[in-house]
Structures are given as structure tokens and as C-alpha cells.
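> According to numbering that gives the first Met the number 0, the sequence shown is numbered sequentially starting from 0.
Simulated from the structure, these hints should not be mistaken for laboratory data.
Since the model is a prediction, treat every value here as computed from it, not as a measurement.
Keep in mind that the hints are not guaranteed to be accurate.
What the hints assert, rightly or not - As a list, the in silico DSS-like pairs of lysine-lysine whose alpha-carbon atoms are at most 27 Å apart:
#1 K417 / K315
#2 K106 / K452
#3 K8 / K21
#4 K461 / K404
#5 K256 / K280
#6 K6 / K324
#7 K280 / K316
#8 K200 / K228
#9 K200 / K109
#10 K106 / K455
#11 K51 / K8
#12 K230 / K324
#13 K461 / K447
#14 K315 / K447
#15 K452 / K200
#16 K315 / K230
#17 K93 / K228
#18 K447 / K109
#19 K355 / K404
#20 K226 / K420
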Amino acid sequence: MKCDFEKEKIERRMFFYTDNQKVSITYGDGYDKASGFPELGNLEIVEDSDSKDLRNRSRTFFGETIPNSNRVTYCFGLLVGKWREEDHVAAMKKPADILDLNCATRKMSKISSCKVLDALSHMKHENITRISLPLNCFRCHSYKHSTINGNIFNGFPNLTELSLTCHSSDRNYYGLIRQWNTFERVVQQFSTTKNPTIFLKSLQYDDAMHINELNEIISIITKYNVKAKIKIEIDCPRYEGQCENCTGTVGFFSSIKEYITYVFSTIENHRQLLHNIGILKTFENLSTLNLKFSLYDITYKFIPPFNQRLSGFGLKKLNNLENVKLNYLGNINDRHSNVLDSFYQFFEFIRSMMPKSVEVLKLENVPDMDDATAKMTTEYMPNIKLLKIKCLTYKESDGLDNFTKLDCLFSSEYCPIKIPKTLKLLAFEHKKWKVRSDDIIFTDNIIKSYYEKFTKRITDGKNRYILFSDVCNWHLYKCAIQKYFCRGF
């Protein structure tokens, strides 16, 4: 029965959208601000019309609705400065009811972003595994009458991760010190969930001056047997090898290296690369690496020290590293031979330092994915299961056959002529305004040829295609699409 169903040809339309619901608490008509704190009857709950219309469209769309990142984002506009203490609970419950987290289109959502802690007390969802909170929610004025003495996470039985983000106005995490009691109560409540983890997502290299405060925050997290994870940025645009920021960074990261699981870094020359690799290789729990590089200072200057490949150099001992993104910041249409030579030398050197544990590889702005490039990639990273790539051309039709364990391929602008036999899911974004008309016809014909291999086809009618056969695994494919494809290239 399953085999017959896999062979059945099914084609559907899809609708990508961002589930961002905006609700404001404001004064009702006729309220006189001079009369004192407003009563509950004077408060008006208003939902943004655009977000409401978008949600209505997602409910009535005939086809496959795919919310970006599988995330529900709630924006509260607390336009009322203060209200009566006895009305606080009701003032938080009303907008939570309007948000309707358990509606049909949000049944399978895994991530929720919310800006008001108290509102979580009035929400329930069985499938939410991660809640994202901005730091400013800990200093919200409403906590004068806060109800977070209870457990605000009781409505989320499968919650495992709390992600704390810094917006541009917050710049660092050390404001939590001033809201210590509120933060510790939240951590204590969160510790009752299964395998709890708190993820600090926005730490930067210039936070080194606050290392004592950061260690205090981590100590509170671990005090309640909650796992701490940190995303850091190693990015000094003025890097000269001796500047204060770069030399201080090594010492700063040494005290928190066991908690670092995600790193973002930008490289402009080989000395900076070697410096950053020297830091990265100490992060034994690193699981995700986002590395951007340019050739502005590399062209004519970068000499890859292949003769210096000593045992253990690079990241080869980081067995937890599974997700790698390599992003070239230059122009992939540059045909200058010296630029291309420098690119491929630098590109190979970076890949040669990667461990065999990498399973997800994202390549952005690669000039050509030819047979040599594919072989070189799989020589160092032979276990790639998901490849996300934005390249100029696929020179050899069978270049991707080198990825012998590839399950998922997400490609942009140019579509591979031939896909590996192991492939189970293909998602492709065809940016037609960037290519010649003959390329458009050629690519359209390639996509049609894939219809013979994959029986399930989903398209938005414009420029995005999703192809697969095993409908029983669609829920897994959809999660991968939301995580890697919906975010664009």
C-alpha cells in the first residue's frame, strides 16, 4: 500500500508566510488619562489588521501552508503605561486569548517568540519545544504586579529550550544583573521542564570587559541544573594580529568555552583565519559554525600553508560540529583568474580543516560546483546529508554524485543537471530575474525532468519548487524546509 502511494503523482500549491501576530493594549475611546490608572473596562485589545488578514489567508488557503521557521511570533504593544493591580491578570489574559496559539494552522508549531513573560502563564501548546524571549521582557513595567511567582511554563509540556536574544538597543546580556530576582525565578521555573537548556544567542567579542557578569549569569543557569549554551561572534574588522580586542578575545572565551555551541565569524585574510581557528579549536562542544570570508585582502596575498598541516591542526577534533556554513562575500560572477585561484585555494584550505562529523553544509556564493570541488568537499566531509548551495554553475552533470550520503538538496538560482540517486528531497529557488532567458528555459526543462524521479511536487506558482516521493516522511521534510529553505539564500 505504501509503495503504491509513493508512486502516485500528487501536485499541490504552497503558501510561504511569516506567522507574526501583533496585539496592542491601549486606552479605550472616551478614557480621560487625567483620571488616574485605567480600569479593565477602559483598556482596549487591538489586533493588527495585516497580521489578522495573513492568518485568515493561511487558514483558507487550499494547498500546503508553510510558516517560516515553524515559528509563531507575538508582538505586544503595551501602549498603556500602568493599570490597576487588581486588573493585572485579566489584562494579560485577554491578549493571550486573542493570540489563539492552539488554532489549527499552529498545531504543529515548534517555536514561539513572545515579548511579555506574564502572557506565557495564559498560553498552552503541546508541541512547542522552544520559546524565544528578548532581554527587555525582563524589565517590563508590568512586573510591578507580576504573576510569575507561579510557573509560567506549565502550559508547554514539551518545552526544552529557552532562547534569550539581544536586540540592537540591548547590545549585551548584562542588564539581567539589574533584574536578577526576575531572571532567577524564570530559570527556576524553567528547570522543571524536560532536559532544559537556556541559549544566549547574541554574545559578541567586545563583551570581554563583562566576563565576571557573564559568569554570574551562567552560574545562575547551572545552579538549577539547566544546561547553558552560547552563540558568540568572533569578528574584529580592524584585525591586525595585535589589537586589544583580538588578543583579549582568547582569554575571554577560555572561561566560557565549554558552553559555546554556535560561532559566527568573518575572515578577510589568512592571518585572521589562523588566529580564529586557534580560538575555535578550543570549543569542544561547538555544533554550528557560520564562516564568512572575502578576498579583498586575500587576493595576491594569501599563501595557503599546506606544508604546515600538522596533525590535529584545524577543527578536525571537534566531533560535535555538525552544521557548517561557508559564505563567500565577493562577486561570484568575477571571472578574473587570479581571484578564482585565490578563492579555490582559500576554499580548499578552509574545508581541509573540517571534521568528518559535519552532516549539514551550506555553501553560499560558490562560483562553480564542478566535479573537482565536490570531490574535494566530500574528501574532508564525507557524511554530508543536507546540502544547501547557491552557486553560479554546475559544470559537470554528475558532480553531486560525490555526495554519497546526500538526502536533502536545497539549491538556488541554478539547478543541478543531475541529482544523486540517494536524494529524497529537492527544494529549488529559481530567481529568474538574475539569469538569461535561455537559462530560464533550460532550468524549466531540468525541473520537468525531475518529475519522473519524484512523484510529489509542491510549488508556489512562481519560482520555488519542492520535490519528494515518500509522503510518510513529509513532516520531517517540512521541518528541514522551514529551518533551511524558508530563510532564503
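> Taking the hints in turn, state whether each one holds.
Comparing the hints with the structure gives:
For the proposed pair K417 and K315, the alpha carbon gap of about 31 Å is over 27 Å, so the pair is violated. Annotation: proposed proximity of K106 to K452 is violated, straight-line Cα distance about 32 Å (limit 27 Å). At most 27 Å may separate the alpha-carbon atoms for a hinted pair to count; K8 and K21 exceed this at roughly 40 Å. Restraint check for K461 and K404: the C-alpha separation of about 30 Å exceeds 27 Å, so the hint is violated.
Proposed proximity of K256 and K280 is supported: the alpha carbons are some 10 Å apart, at most 27 Å. At roughly 35 Å between alpha-carbon atoms, K6 and K324 are farther apart than 27 Å, so this suggested pair is violated. For the hint linking K280 to K316, the alpha-carbon distance of about 8 Å falls within 27 Å, and the restraint holds. With a C-alpha separation of about 8 Å, the suggested pairing of K200 with K228 holds against the 27 Å cut-off.
Distance check on the hinted pair: K200 and K109 sit about 18 Å apart at the alpha-carbon level, within 27 Å; holds. Between K106 and K455 the CA atoms are separated by roughly 23 Å; this keeps the pair inside 27 Å, and the hint holds. With a C-alpha separation of about 35 Å, the suggested pairing of K51 with K8 is violated against the 27 Å cut-off. Straight-line distance between C-alpha atoms of K230 and K324 comes to about 15 Å, which keeps the hinted pair within the 27 Å bound.
As the CA atoms of K461 and K447 are separated by approximately 15 Å, the hinted pair is consistent with the 27 Å bound. For the hint linking K315 to K447, the alpha-carbon distance of about 41 Å lies beyond 27 Å, and the restraint is violated. Among the hinted pairs, K452 with K200 is inconsistent with the structure: their alpha-carbon atoms are about 40 Å apart, more than 27 Å. At most 27 Å may separate the alpha-carbon atoms for a hinted pair to count; K315 and K230 meet this at roughly 20 Å.
Taking the CA atoms of K93 and K228, the gap is near 34 Å; set against the 27 Å cutoff, the hint is violated. For the given pair, K447 sits about 33 Å from K109 by alpha-carbon distance, which is inconsistent with the 27 Å threshold. With a CA separation close to 13 Å, the supplied pair K355 and K404 stays within the 27 Å bound. Distance check on the hinted pair: K226 and K420 sit about 40 Å apart at the alpha-carbon level, beyond 27 Å; violated.
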